[in-house]
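J.: Listed below are the residues making up each chain.
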Amino acid sequence: GAGVSQSPSNKVTEKGKDVELRCDPISGHTALYWYRQRLGQGLEFLIYFQGNSAPDKSGLPSDRFSAERTGESVSTLTIQRTQQEDSAVYLCASSLGRMPGTDTQYFGPGTRLTVL
Amino acid sequence: RKEVEQDPGPFNVPEGATVAFNCTYSNSASQSFFWYRQDCRKEPKLLMSVYSSGNEDGRFTAQLNRASQYISLLIRDSKLSDSATYLCVVNLLTGGGNKLTFGTGTQLKVEL
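For the protein sequence lines, the chains are U and R, in the order given.
Be aware that the first sequence starts at 1, since it is given in our numbering, and climbs by one per residue.
Be aware that the second sequence starts at 1, since it is given in our numbering, and climbs by one per residue.
It should be emphasised that the hints constitute simulated quantities derived from the structure, not laboratory data.
You may find that some hints are simply not true.
With a straight-line Cα cutoff of 25 Å, these simulated DMTMM-like cross-link-like pairs (lysine to aspartate or glutamate) come out [as the list claims (entries may be wrong)]:
1. R:Lys79 - R:Glu56
2. R:Lys45 - U:Asp56
3. R:Lys109 - R:Asp7
4. R:Lys45 - R:Asp82
5. R:Lys42 - U:Glu20
6. R:Lys109 - R:Glu5
7. R:Lys2 - U:Glu85
8. R:Lys42 - U:Glu85
9. R:Lys2 - U:Asp103
10. U:Lys11 - R:Asp39
11. U:Lys11 - U:Glu85
12. R:Lys2 - U:Glu44
13. R:Lys45 - R:Asp7
14. R:Lys79 - R:Asp7
15. U:Lys57 - U:Asp18
16. R:Lys79 - R:Glu15
17. R:Lys42 - U:Asp24
18. R:Lys79 - R:Glu111
19. R:Lys42 - U:Asp103
20. R:Lys42 - R:Asp57
21. R:Lys45 - U:Glu72
22. R:Lys109 - U:Glu44
23. U:Lys57 - R:Glu5
24. R:Lys45 - U:Asp103
These numbers were taken from a predicted model, which means no experiment stands behind them.
With the hints as extra help, turn the sequences into a complete structure.
T.: Shown next as structure tokens:
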């Protein structure tokens, strides 16, 4: 079946502009995660959605970052007033969520964001 | 101290060698552990979960030592195709939910 998809695959923007990144999880997956990976660095947790529970936003680096999820489907990550330090690959992952944190996460291909 | 620490490498080994990676974690309340593999410019993919009793999957063996707070991954008879970055992942159940923390990864290069 279809895996996790993300769009756009690449985004180049100018400093100060807002960007919106989209993630379509695997159908039926109740858990959804956003991560950031800077070049040559590890994955940095941003936010986690589980069903209808309040999201875990503990990883969002600043109030310029926000994310929403519609039910158990699409999620969007919004970065306002982008800075050059926001340049990274933004990865989305989803999992069944039956045993959150223990079931397998499936990653999307990521959105490569470049802020000029 | 980082929540999850790994030696970044690179580990350059000849084909057929045995190689081992360690990963340490700081929070003793961490509940579950994984190894993920990430190929260059690709997304991470689950390699294997790590169970308390240790577990093996073909040429790969994972071990967990809760007392010393480290996990390990052993790769036997390494292949060229094993070249990748191996990410140690630790899950901690918090009041706000589950939080998976990824290490920065250990790079493996298997050479002829």
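J.: Quick one: which hint numbers does this structure break? Sort them smallest to largest.
T.: none
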